[in-house]
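Working from the sequences, and respecting the hints, build out all of it.
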Amino acid sequence: MLEKLHTTAKVGSQIGRSLPRTESRDKVTGRAEYVHTMRLPGMLVAKLFRSTVAHGRIKSIDTSAAKRVPGVFHVVTIDDVRKVMPDAYYGPAFHDQPILADGKVRFVGEPVAAVIAVDPHVAEEAVQLITAEYAELPAVFDEVEALTSNVYVHDELRPAAAFADLKHLKGIKNTNVALNYRLRRGAFDTAYAKAAHKFEHEFRTQKALHLSFEPHATIADYKDTGVTLYTGSQGPSFVRTEIARLLGWPENKVRVKVPYLGGGFGSKLYIKLEALALALSMIARNPVKVALTMDEMFYQITKHPCTFRIKSGVDEDGRIVARKCEVLWNGGAYADIGPRVAQKAGLTAAGPYDIDNVSIDSFAVYTNVTPAGALRGFGVPQLTWAYESHTDMISRALKLDPVEFRRKNLMRDGGQHTTGQVLKDAAIEKVMDLVLARMDWAQPFDRGTGVVRRGRGFAIAIKAVTTPTTSVAIVNISADGSITLSCSTIDMGQGSNTVMAQIVGEVLDIPAETVRIAQCDTDVTPYDMGTLGSRSTFHMGHAVRLAADEARQKLDQLRRDLGEPKGSNISISDLFKKRYGMQAGNIIASGVYKPDYVSPDPETGLSANVTPFWMISGVGAEVGVDTETGHVRIDRLINVIDCGKAINPKLVETQISGAALMHLGFTMFEKMHLDGGQITNASLADYKIPGIRDLPLMMENLTVENIQHNGPFGAKGVGEVATFCVSPAIANAIDDAVGVRLMELPLNPEAVYRALRAKAGRPLEVA
Amino acid sequence: MIPFELAEPRSLAEAIRLLDPDDGTVRRIAGGTALLMMKAGVFWPAKLVSLRKIENEYAGITARTDGLTIGAMTTLADLERSADVRRYAPIITRTLLTLSNVRVRNVATVGGALAHGDPHMDLPPVLMALGASVASISPDGKRGPIVGGARGHLHVSGVPRPLRRHVHRRDQLVLGQDGLVISGEQVFHQKETDAVKSARIVASAATEKATRLNAALLRRTADASVEEAEFVADARGSVPYKRELMRVYVERAVHAACTKTGRTDGHA
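Protein sequence lines correspond, in order, to chains V and B.
Going by the numbering used here, the first sequence opens with residue 1, and the numbers climb by one from there.
Going by the numbering used here, the second sequence opens with residue 1, and the numbers climb by one from there.
Note that these hints are calculated values from the structure, not bench results.
Every clue listed holds true.
Derived pair list, reagent style DSS-like, types lysine-lysine, alpha-carbon separation capped at 25 Å:
#, chain 1, residue 1, chain 2, residue 2
1, V, 408, V, 424
2, B, 39, V, 67
3, V, 424, V, 594
4, V, 554, V, 578
5, V, 688, B, 39
6, V, 194, V, 311
Computed, partial: chain B to chain V, Cβ under 8 Å:
#, residue
7, 233
8, 237
9, 239
One side of the interface only, derived from the structure: several residues of chain V facing chain B at Cβ under 10 Å:
#, residue
10, 128
11, 295
12, 749
13, 750
14, 767
For each residue, glycine too, the CB sits at the ideal point set by N, CA and C.
Written out as C-alpha cells, the structure reads:
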C-alpha cells in the first residue's frame with residue numbers, strides 16, 4: 001500500500017532542489033519570534049532557587065526574606081504546587097521528576113523553589129535571599145558504581161503508563177537501574193570460548209552539554225477554561241499529552257504553541273520547563289515565564305556519560321565470531337528519555353558487523369547528577385566511539401589491514417542485522433569506500449617529522465531510527481489557490497520547514513517558496529511524535545506527501561464534479577469560484593504515517609522489523625599530534641553519510657557539517673567537570689565549545705545517494721548521522737600517528753600527553 | 001543581573017570624582033566586555049562609571065622614535081590595525097589576531113585589558129615582555145607609573161587604571177594554547193655575536209597571575225621557568241600538565257625568538 005501511494009506522487013522540480021531555508025531572512029533580520037524574547041500582557045517572570053547538594057533530605061526552606069522583596073508576588077515550593085496539582089511528578093518514561101524538589105534533592109542544581117516576580121531582576125534578587133537546610137545523604141555519581149551501589153537515587157521506580165515495556169518496573173525498590181535492554185543472538189559464550197583471538201576493552205565518554213544557543217524557555221498562561229503554553233519545545237504533542245495528564249483534563253483544553261527554536265539537539269524534547277511553568281501560572285493566576293540562562297542549562301539536561309565494556313572473539317581468518325556489549329548509561333537523577341536511549345541505541349551496540357553470536361546488555365542507570373537525555377544521535381555516538389576504536393585495536397593487534405578487516409566483517413544488504421532484521425538500503429560499504437577514496441587511502445601518507453607526527457584513521461557506523469512513531473499533516477488549499485501546510489515538526493534550524501514545503505510543492509506542482517508552513521499550535525497543527533532522532537524527513541515527510549497527494553486528488557475530483565474536461569488547465573482559484581460562486585471555501589486534506597514495526601522479543605531483543613530505515617555514516621580523519629604538548633591538529637575530516645535521496649542537497653550538507661563539528665567539540669574538549677556532584681565549569685567561560693580556530697584545516701561533507709525504497713521520494717533522515725564516527729576516527733588517527741590509544745573522551749591535549757608519557761614509561765604524576 | 005546606575009562622565013576628572021576606591025560596588029568600565037561577570041551573577045555593581053565619553057586624548061596611538069604611546073581607551077581593534085604598532089612591535093599585531101573575537105576587539109580597550117587582571121588574558125604578558133611602562137592617575141590627581149603587571153585573578157584595585165603606556169621597539173614571540181600564554185621578548189641584532197643580550201619571559205593563564213620569569217641562562221631557562229611559576233589547575237588542565245606545557249613553550253619561545261622566525265615545529 002505504501003509503495004502504491006508513493007508512486008502516485010509526481011516527481012517534478014522541487015525534490016533535489018537546494019532551496020535556501022525559507023525562514024532565513026526572518027532570522028537574520030531579527031524578525032523571527034522566539035519564546036525567550038516573547039512577552040504576554042500581564043506576564044510575570046520566575047527564577048529558580050537550586051539545590052547546592054547532590055543528594056539530601058530537605059530539612060527546611062526559608063522563603064520569608066524573598067517574599068518581602070518589593071515586586072515579588074509568590075515564592076513557591078512543592079507544598080504550594082501540591083495545592084494546585086496533587087501529583088506533581090512528570091517525565092516521558094518515568095513519572096519520577098517533581099516539579100520542585102519534594103522532600104529530597106537528587107542533584108546539584110535541582111530546582112527547590114521558584115520566585116514569581118514582576119521582572120527577572122527582582123526575581124533573581126529574591127532568589128538570592130532564599131535559604132535551605134539539607135540533611136546530606138550519600139550520593140552516587142558514577143554509572144559503574146551506581147549499578148551495584150547501595151545508595152539509591154529513588155526510593156522506588158515510577159514508570160509512565162505510555163511505555164508498556166516498562167510496566168513491570170512499577171514500584172521496584174533498591175535499584176538504580178531504570179531499564180535493562182538485552183539482545184541475545186546465537187551463543188556468545190560458546191563462540192567466544194572457541195575463538196582464536198580474544199579482545200576485551202572498556203571505553204568511557206564524558207558528561208557534555210547540548211548548549212543550544214537559545215536556552216530553555218516556557219510561558220504558561222493558565223485559565224480555568226484552558227491553558228496555553230508558549231514553549232521552545234521539540235515535542236509539542238508530547239507536552240500537550242503530559243500537561244493534560246497533570247491537569248486531568250482532555251487534551252483539547254491544552255494548547256501548545258511553538259515559535260522558532262534557537263537550536264534543540266534533543267535538549268528540548270518531551271517535557272522540560274512546561275510542568276513547572278504551568279504550576280506557577282496556576283498559582284499566580286497570570287501568565288508566567290520561566291527562561292533559563294545559558295549557565296542554568298548545565299542543570300537541565302545533558303548528554304549521557306557512558307561506560308561500554310566490549311568483548312570480541314575473532315577466528316583465524318579474521319572473522320568476528322562473537323561479540324559481547326555491556327553498556328552503562330549514566331542517566332542522572334531523573335530518567336527523562338534515558339531508558340529509550342539505552343534501548344534504541346542498545347540494539348545497534350555491536351556495530352555494522354555481521355556477527356553470529358552477540359550478547360548486548362544496555363542499562364539506563366540513575367545517579368546524583370543533572371539528568372541526561374537524547375543528544376543528536378540518541379546514544380549512538382557513545383557506542384560508535386567504543387566499537388570502532390575496538391575494531392581498530394583488533395586489526396592493529398592482529399596486524400590486519402583496517403579496511404580489509406572491516407570489509408570481511410561488514411553487514412551487507414540482504415544479510416541480517418544483529419536484531420534479525422534483513423538489511424535493506426544500508427550503503428555501509430559504499431560510505432566506507434567514499435571515505436577511503438577521498439582520503440587517498442591507498443596512497444603513501446606523510447607521517448611528519450620532528451615534533452609533530454601525523455596519522456590517519458576512519459570509522460563507520462549504523463543506527464536505527466526510533467520506532468514506531470507517528471506523524472500527521474494537514475494541507476489546506478485556500479480559495480485563491482494558495483497552500484498552507486500544518487504539521488507539528490519544529491524547525492529548530494535544521495530546515496524542516498523548507499523540506500516539507502518542497503514535498504508539498506513537488507506533489508502539487510508549485511514552487512516550494514509559495515507554500516506557507518503554519519506555526520506550530522496544537523489547536524490547529526496535528527499530532528507528531530517529536531522532532532527527534534532524524535525522523536522528520538522520513539515520517540513527517542511521508543505524512544506531508546500523503547496529505548498533499550490527497551489534496552491533489554480532491555482538486556481532481558472537484559474538476560471532474562464541475563465538468564472540466566480531462567487535462568483542463570483551469571486555475572485553482574477559478575475552480576473555487578466556479579464551485580462556490582465567489583472566492584470561498586477550502587480543500588482540506590490530511591496524511592498520517594506510521595511505519596510497520598515488530599516489537600523485539602523481550603527475552604532475546606530480536607525482531608524482524610525494528611526500524612523502517614538505517615542511518616549509515618563514515619568519517620575519515622588525518623591528524624598531526626604535537627608530541628611535546630599532546631595537542632592534536634585535525635588536518636582533514638571527511639564526513640560521509642548515506643542520505644537516501646537528498647530532498648535538499650544544500651541542507652543535507654549543512655546538517656552533515658553541523659553534526660560533525662558539534663561532535664568535534666565532544667571529541668576534543670567539551671566536558672562538564674564534576675567535583676562531588678558540583679559542576680565546576682558551569683558557564684561558557686569555562687566550558688569550551690568549538691570556535692573557528694578549532695575547525696579542521698580541511699573538511700568535506702559528502703553523501704552517498706542511495707534511494708531508500710520506502711522513503712518519501714527515496715529520502716531518509718540525516719540530522720544526527722554525521723555525529724556517529726567523529727570520535728573513533730580521530731582516536732584511530734591519533735593511534736596511527738603516535739601509537740597511543742585513548743579509551744576515554746575527550747581527546748584533549750592533556751589526555752594525549754599523559755598517554756604519550758605513559759607509553760614512554762615516564763607517566764606524568766596524577767594531579 | 002540586577003538594576004544599577006550608569007554614569008557617563010565627559011571628562012577624566014569627572015570620572016575620577018564619581019569613583020570611590022573604598023566602595024567595591026562602584027566600578028569603572030571601558031569597553032564593558034568584563035560585564036559578563038554581571039550576567040553570571042558574580043558581580044553586582046551599584047554604579048558603573050563608563051569611560052566611553054571622556055576626552056578623546058586618552059584614545060589613540062602615537063609613534064615616537066623610541067617607542068609607542070598608546071592611550072588606555074584605544075580599542076584592541078585599533079591596536080590590531082595600527083601600522084605603527086605593526087612596525088614597532090609586530091608581536092602585538094600577531095597576538096591580537098588570535099585574541100578573543102572581532103566583536104570583543106572592537107569594543108575592548110587596552111586599559112581595560114590591563115585593569116581587569118584576569119591571568120587568562122593575552123595582552124598583559126605580551127606588554128610585560130615588551131617592557132611596557134604604564135602611566136596612571138590616582139584619585140588625588142597624581143600621575144605616576146605603575147610598575148609590574150596585574151595583581152592576580154580579578155583582583156585589581158579600585159583606582160583608575162593605566163591611561164598611557166610606552167612600548168620600546170622590540171620583537172618577540174608569543175605562544176599560547178590550552179590555557180597557557182608564554183611571551184618571550186628578545187633584543188636581537190647583536191651583529192657580531194648573534195647572542196641574546198637580554199630576555200624577558202612572561203607566563204600567564206596557567207598561573208595565578210601574569211608572571212615575569214627571571215631565568216637568564218638559555219639552556220636552563222625552561223626548567224627554571226617551571227620552578228618559578230605558580231600554577232593553577234582548571235578545566236583546561238592539571239598543574240603537572242601545565243608545568244610540562246610551560247617547559248615546552250618557554251623552550252619554543254626562546255628558540256623561536258633566537259631564530260627570528262617566530263615559528264616552531266610544534267603547534268604554537
